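Chains as they are written, first to last, in numbering that gives the first Met the number 0: chain Y, 0 to 337; chain P, 0 to 337; chain D, 0 to 306; chain G, 0 to 306.
Think of the hints as simulated: they come from the structure by calculation, not from any bench. Heads up, some of the hints might be wrong.
[Unchecked claim] Interface residues of chain P toward chain D, partial, derived using beta-carbon atoms under 7 Å: (1) Pro31; (2) Tyr32; (3) Pro54; (4) Gly123; (5) Thr125; (6) Ala310; (7) Thr317; (8) Leu318; (9) Ala322; (10) Val326.
It should be emphasised that the depicted structure is a prediction, and the values quoted were computed from it without experimental measurement. In this text, a Cβ means the ideal position worked out from N, Cα and C, and glycines have one as well.
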Amino acid sequence: MTSVLESLNRGLHAAFAQDGRVYLIGEDLLDPYGGAFKVSRGLSSQYPQRVWTSPVSEAAIAGVGAGMALRGLRPVVELMFGDFSTLVADQLINSITKFPAMFNGAASVPLVIRTPMGGRRGYGPTHSQTLEKLYLGIPGLRVLAPNTLSDPGELLRRAILEQDDPVFFIENKVLYPKPVLDAEALADFEIQIADGDFAPTHTLRLKGAPAPQLTLTAYGYMAELAREALTRLAFEHELFCELVVPTQLAPLPAAGSLEPSLAASLAQSGRLLTIEEGTFSLGWGAEQLARAAQQFGSRLLAARRVAAAEAPIPAARTLEEAALPSVEDILTAAREMV
Amino acid sequence: MTSVLESLNRGLHAAFAQDGRVYLIGEDLLDPYGGAFKVSRGLSSQYPQRVWTSPVSEAAIAGVGAGMALRGLRPVVELMFGDFSTLVADQLINSITKFPAMFNGAASVPLVIRTPMGGRRGYGPTHSQTLEKLYLGIPGLRVLAPNTLSDPGELLRRAILEQDDPVFFIENKVLYPKPVLDAEALADFEIQIADGDFAPTHTLRLKGAPAPQLTLTAYGYMAELAREALTRLAFEHELFCELVVPTQLAPLPAAGSLEPSLAASLAQSGRLLTIEEGTFSLGWGAEQLARAAQQFGSRLLAARRVAAAEAPIPAARTLEEAALPSVEDILTAAREMV
Amino acid sequence: MRAMPDHAALYRQLYTIRRFEETVLDAFPKGAFYGTTHTYIGQEANAVGVLAHLNEGDIVFSNHRCHGHFIAYGGDLRALFAELMGKATGVCGGLGGSQHLHWKDFYSNGVLGSTAPIAVGTALAEKQKGSDAITVLFLGDGALGEGTVYESLNIASLWNAPILFVVENNHIAQTTPTELALAGSLAARFAAFGIPVVEMDSNDVAKISSAAQHELAELRATRTPRALVLNTTRFGPHSKGDDTRDPAYIEELRTRLDPLTLHAAQLPASERQAIESEVDTAVAAAYAQAEADPPPPANHLAKVAPP
Amino acid sequence: MRAMPDHAALYRQLYTIRRFEETVLDAFPKGAFYGTTHTYIGQEANAVGVLAHLNEGDIVFSNHRCHGHFIAYGGDLRALFAELMGKATGVCGGLGGSQHLHWKDFYSNGVLGSTAPIAVGTALAEKQKGSDAITVLFLGDGALGEGTVYESLNIASLWNAPILFVVENNHIAQTTPTELALAGSLAARFAAFGIPVVEMDSNDVAKISSAAQHELAELRATRTPRALVLNTTRFGPHSKGDDTRDPAYIEELRTRLDPLTLHAAQLPASERQAIESEVDTAVAAAYAQAEADPPPPANHLAKVAPP
Ligand SMILES: Cc1ncc(C[n+]2csc(CCOP(=O)(O)OP(=O)(O)O)c2C)c(N)n1
Ligand SMILES: Cc1ncc(C[n+]2csc(CCOP(=O)(O)OP(=O)(O)O)c2C)c(N)n1
Ligand SMILES: [Mg+2]
Ligand SMILES: [Mg+2]
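Build out the structure end to end from the sequences listed, making use of the hints.
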């Protein structure tokens, strides 16, 4: 099976092959290195004119990408670690996402910023964070996070070629070596995929399971943990869940309503458990719970979040494991809710 | 009556007078100007050695402040506009708030970063934002927002002198000229103040009103709009509310529970309406609703948020007004909830 | 490249900017505008002198003090007044306001220094596209406090971006004199990144224009970055009524260095007066038109930023 | 100021760092450590030469490649091994790991350039407090891509911070050769901000030490910033096994420029061998102790960052 890393790499290659307006800017991109996580491997050899290895200047490369996008190219900026997206915050918030609307619709910035996020590699407090929650509430920014249920490379390719608004593309580091799952690997699950949109939402339940008592929702690598938890909850605890896995984290539907797949599941279960790797407060899960509370009122019977501890992520393996959400954390929370 | 601006200015003067370790760093601080919004007026004349007017280098002045704080001083950094806090994001997230915990408790960073936020002055998309939501979920950061119900300057003074952890201090621009309210000005209200903590939470209801049907919560300038809405809802619509106004926005209580005053009000009303000037998604209100949903489950009958449109804040007065929350918006939402 | 504009044309532009800005400062206290503004009075020769040498398609990045750049670029007076008034006919339909303009290949933003990498990106994009367009980026002395500027100089130099960095050093940033904000040498900062730099001490539009012509010709020939440091004067307040400098000092600057007076000497008085009265009329008409223009429709924001 | 250390003491430090780092690179593939690491092999003369001249209370800010700085500063080998192993006895109790160290007046962080303003702040604080302490900030050539560095140079110069900027230019940043990342002149970047700069091309600890001694003496006398650009060599991979350079090239560097070989010439072979065997024993003992140390208690994070 193809790994997420291979898939992303293929997606980039496909975008480069398909459209001469695609450029890649980032640190240490040149072959044989191909970027710190190797997602960009092979591109600098095949497209030396369109792959620009850069100084260590995150803000400037985001800005350069924005300028290129303003002038009709389709640049991709690779940030070596998502932790350094903080250095890009001003470009992202006060320029990149502002231009289209503040220039009265007369400018567009089709820029994709991709970056790895997440811990479990022992990289310590400044190289392990899951910071996308900072960017989910920025008007005008599309945030995408691939998972193993559909083709990450295709999501990336289409984000680059088909989106005219800026895209922040989040890749969990631990997801890179994982296989993109085929039908066989998912044979135990009944799966619904929401509409033909290029950023699909998957809803999973075990084949033959009774109506769900609890809705789990997670994205990216956390969807792997959630899937495992769903299976164990069913087999070990006879607690039947549905799992909703979006690939588009922002923007969410207007007027504060939930993503339709999530609303549909919740209408059945009445209970919502979100799982995210970012720290607890003001995260992705908070927004899901808030929308659920608004939309379902007293029909929302229970709502909880599993998230990282509100602290820096320790370097020591034992401490890091304790700080980040685990399958056990999901099992515990789920069992307390039903 | 004292204005919020005067109160803040006095608070700074008091901190300087009381403790020689207090320094102020920021742009255009020197008298007679005293900072773009005049909060720092008089300090450079009285303490020329401890007030440093700086180049336009937001990231560096935050970092310089952090270094001073690490070495035992009590610096205050003024950011001219909260919109530029984006330039400080890396210092704040990857250094200032990381040091205490990642250095194993052996370092502290008693730094206060103060900045004005908010619109309604026609300053346009890059000078009108309410961006504190980006910082409310950062572990290790205390976020404070004064209001007219208690003394803003005293809050600031104590944040500078008594807090050993970093503080982000949010001042709404429109609040500056407003009076700090005395007992007479608040004579219509029955007020509870939660514990003797230096960052109080006020709970207001109209004197003699029946049990609340709805809990409003808001901070900073939005608390002014909410107070007006509360009164109008009672007199014009016979809808009785309680208003909870915190001054500490982060950290919130551990384990995902609500601020106790808010929980107490909600236990009576069962309905929660949050009002904030930031854009809708992933905001302060989302976190309140999420906690309410977790804590109250099906006893949370209705939950809504009033917030800014998910768009840049327009410069034109009519468009700006439409983009930002108004008393009318609160009335509409409240009436739809009960 | 355009031919060197004649003295009358230069004077017309200088005077248009001056009249526009004076009108803004006069009308502000009367409530005609909302928000804030930063006028270009005293610096007119920079925009006029540099932008005289742009070709169609060349890109301009400007800052908070953008009215002069916009007008010298060829922007419409009524649309600019309307933008400041928050009217539907404004440059950006009232969404941007005084500091956030975009029209054709002109862009401005209000966050100091943030434009630098973006401008470099536009220059690189045009080069990649095989177009002849170059980019001109205006920065104030104060903006040189921002780190992104140096990241951008480094990248512009490494990647040979066809961009002209223009620093308008008016010796003050808001209220902060340059000595309190900039250590070392301003010009040396460009040289340190391998960017050729020319520094000038003049408010004479003819001199600035000819220096800019030379720099832009070199830039177009080599398609590599260059810098022009223009030491100049701000006669007005930073925005409105917030000048902390001694009025006598400003009066002295005006007497000695007003770019309009300096250039007026090149024209017969009658020609100058004719230009002035034409421009007075045009500016007044633009103002009146903008004033009569409708506000944006209430749902306009939702149209450009769908909820 | 400390007396100039003798050749034996210098060699002992160079060799200690080398043995420490070799031990790390050896043990990593065996699973002794978790996470990542950046070793100092080839650059030992910089840390040893510069930090030889620190006084008690002087402050050091370091970066991702911090082990050598930490050891030359006087840091404990067992505590450093333990930190890399995630043990309770680690420099930061296992919370920081390889790049995030703090002990006494030594600090490091993993975000390139982010330390620059903070280091300037510490220098200014000590000056305000009336202490004699100065700050030394280590930066790699790659970190000079970051804008905050220039903001910090400007402020350090304007406000006369007693700080020594030390650039260790090992001609590479991760995999990127300096020519692809730095335009113009590295030294000129300091000069442009009015900061006196000395540049050296040497891995000879004695030469670096005497240059540092001179620079630090000037700095202590004037209490204003200075810079030292040390052109040096990285012999190892960036972190672990990720060297994209030609092994023959590195071999050639090692033959010609190994700081240990260069300095060994100053000592009788017997003395050198005695030092080496003592250090071998000490490093091995530190490693064994760290390995036997307990992991942090499970609730340790909650203790330093209460939920
Ligand atoms: C990042 C940022 N910080 C602060 C400001 C507030 N501000 C607006 S203009 C200005 C001074 C700018 O000085 P300079 O660059 O010299 O331009 P001038 O106003 O003199 O034309 C300041 C500090 C801003 N707009 N952006
Ligand atoms: C802001 C930031 N961007 C990127 C990185 C990833 N990174 C770690 S070390 C390194 C190269 C640093 O090169 P240099 O400063 O020359 O130090 P050296 O490794 O050569 O000692 C990079 C890009 C980082 N740690 N911080
Ligand atoms: Mg200026
Ligand atoms: Mg290097």
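The hints, checked one at a time:
Using the Cβ-Cβ criterion of 7 Å, the hint placing Pro31(P) at the interface with chain D is satisfied: the shortest such distance is roughly 6 Å. Residue-level restraint check for Tyr32(P) holds (minimum Cβ-Cβ distance to chain D is 4 Å; threshold 7 Å). Taking 7 Å as the C-beta cut-off, the interface hint given for Pro54(P) holds, the closest approach to chain D being about 3 Å. Below 7 Å, beta-carbon pairs count as interface contacts, and Gly123(P) has one with chain D at about 4 Å; its hint therefore holds.
For the restraint placing Thr125(P) at the interface with chain D, the shortest Cβ-Cβ distance is roughly 4 Å, inside the 7 Å limit, so the hint holds. At about 4 Å, the closest approach between the beta carbon of Ala310(P) and any beta carbon in chain D falls short of 7 Å, and the interface hint on this residue holds. Restraint check, Thr317(P) versus chain D: the minimum CB separation of about 5 Å is within 7 Å; hint holds. For Leu318(P), the suggested interface contact is upheld, since its CB lies about 5 Å from the closest CB of chain D, less than 7 Å.
The closest approach between the C-beta of Ala322(P) and any C-beta of chain D is roughly 6 Å, which is under the 7 Å cut-off, so the hint is satisfied. For Val326(P), the shortest C-beta to C-beta distance to chain D is roughly 18 Å, which exceeds 7 Å, and the interface hint is violated.
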